[in-house]
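Oh and the sequence shown: position 99 is 99 in full-length UniProt numbering, straight run, nothing missing.
Because the hints were derived from the structure by calculation, they are not lab data. For each residue, glycine too, the CB sits at the ideal point set by N, CA and C. Worth double-checking, as some hints may not be accurate.
The following label-pair restraints were derived from C-beta to C-beta distances [unchecked claim]: (1) G167 x Y118: 35 to 41 Å; (2) L230 x K2: 30 to 36 Å; (3) T270 x A109: 23 to 29 Å; (4) S147 x T270: 36 to 42 Å; (5) L255 x S107: 21 to 27 Å; (6) D91 x G133: 27 to 33 Å; (7) A109 x K2: 24 to 30 Å; (8) A67 x D112: 30 to 36 Å; (9) L144 x E246: 30 to 36 Å; (10) Q161 x E20: 38 to 44 Å; (11) P165 x F232: 35 to 41 Å; (12) A190 x D112: 28 to 34 Å.
With a cut-off of at most 25 Å between alpha-carbon atoms, the simulated DSS-like pairs for lysine-lysine come out as follows [as the list claims (entries may be wrong)]: (13) K46 x K244; (14) K258 x K12; (15) K12 x K27; (16) K244 x K2.
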Amino acid sequence: MKIRVATYNIHKGVSSIRAEPRVMALKQAIGMFDADVVFLQEVQGKHDLKAAKYGAEHLGHKHWPAAAQHEYFAGESRHLHAAYGMNAIYDHGHHGNALLSAFPIASQANRDVSDHAYEQRGILHCMLDTPRGPVHCYVVHLGLFESGRRRQTQALIAAVQETAPHGEPVVIAGDFNDWRNTLSTELRNALGVVEAFDEIEGANSALGDIMRKLRRKSSVNPARTFPAALPFFRLDRIYVRGFKVETAEVMHGSLWAKLSDHAPIVASLTLA
Numbered sequence: 001m002k003i004r005v006a007t008y009n010i011h012k013g014v015s016s017i018r019a020e021p022r023v024m025a026l027k028q029a030i031g032m033f034d035a036d037v038v039f040l041q042e043v044q045g046k047h048d049l050k051a052a053k054y055g056a057e058h059l060g061h062k063h064w065p066a067a068a069q070h071e072y073f074a075g076e077s078r079h080l081h082a083a084y085g086m087n088a089i090y091d092h093g094h095h096g097n098a099l100l101s102a103f104p105i106a107s108q109a110n111r112d113v114s115d116h117a118y119e120q121r122g123i124l125h126c127m128l129d130t131p132r133g134p135v136h137c138y139v140v141h142l143g144l145f146e147s148g149r150r151r152q153t154q155a156l157i158a159a160v161q162e163t164a165p166h167g168e169p170v171v172i173a174g175d176f177n178d179w180r181n182t183l184s185t186e187l188r189n190a191l192g193v194v195e196a197f198d199e200i201e202g203a204n205s206a207l208g209d210i211m212r213k214l215r216r217k218s219s220v221n222p223a224r225t226f227p228a229a230l231p232f233f234r235l236d237r238i239y240v241r242g243f244k245v246e247t248a249e250v251m252h253g254s255l256w257a258k259l260s261d262h263a264p265i266v267a268s269l270t271l272a
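Start from the sequences, fold in the hints, and give me the full structure.
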């Protein structure tokens, strides 16, 4: 079974410069992934101020949907299932992580991993009902401080160990904010996962196989995804267990630079 997955921090549906609404364009862009499963971070479940300002006719156009963003992205025309994990709550709304899936979502749960009061973070776990059995998906957005990320990584490891039985396939994706790449080895050792870009580098050569085995003893080399206009930092990841990574790419270019401060990652997987 082949599955195409994507991860994208959408910056709450507004541009990184001048905070202009980009929700309508984001829906079209997400459709361009042609993905079966989309892992989304910073999804606006509700924003009364933006809805009041942009939801009505604004300069002759409607720029903010009435529905929550994850529901709007799933859309009736695309027939996607959607799950949402609310993390940050404020007077005029809330945001969190979300999952869009072409497969039915058999169950969902959101685990609070906030490390302090100023950063509300969560791990959204969805079990998908696929033709080849359950697939466990974890949407992740870790904190800005390294000490907090380490504690949140331990919570992620515990969540996967508790909820994904041994042998069942797993996809963990999102914004790890792990710009120094200090967490990959710990995740690999504890969960038996591999990082998508580490797997595809040199995938079709014997030398590539040797190099990947050597790298697994140290650290992987994730893709550069931030800032989207000129990606330098390696913040976003896709980790998998039970899948072979066929392809992985970062979506670059002017379109993506206008939509969010992060560039999305898309990967094609085959169930091992």
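Hints, one by one, checked against the model:
{"no.": "1", "hint": "G167 x Y118: 35 to 41 Å", "in the structure": "holds, 39 Å"}
{"no.": "2", "hint": "L230 x K2: 30 to 36 Å", "in the structure": "holds, 32 Å"}
{"no.": "3", "hint": "T270 x A109: 23 to 29 Å", "in the structure": "holds, 27 Å"}
{"no.": "4", "hint": "S147 x T270: 36 to 42 Å", "in the structure": "holds, 37 Å"}
{"no.": "5", "hint": "L255 x S107: 21 to 27 Å", "in the structure": "violated, 35 Å"}
{"no.": "6", "hint": "D91 x G133: 27 to 33 Å", "in the structure": "violated, 43 Å"}
{"no.": "7", "hint": "A109 x K2: 24 to 30 Å", "in the structure": "holds, 27 Å"}
{"no.": "8", "hint": "A67 x D112: 30 to 36 Å", "in the structure": "violated, 25 Å"}
{"no.": "9", "hint": "L144 x E246: 30 to 36 Å", "in the structure": "holds, 33 Å"}
{"no.": "10", "hint": "Q161 x E20: 38 to 44 Å", "in the structure": "holds, 42 Å"}
{"no.": "11", "hint": "P165 x F232: 35 to 41 Å", "in the structure": "holds, 39 Å"}
{"no.": "12", "hint": "A190 x D112: 28 to 34 Å", "in the structure": "violated, 21 Å"}
{"no.": "13", "hint": "K46 x K244", "in the structure": "violated, 37 Å"}
{"no.": "14", "hint": "K258 x K12", "in the structure": "holds, 13 Å"}
{"no.": "15", "hint": "K12 x K27", "in the structure": "holds, 13 Å"}
{"no.": "16", "hint": "K244 x K2", "in the structure": "holds, 9 Å"}
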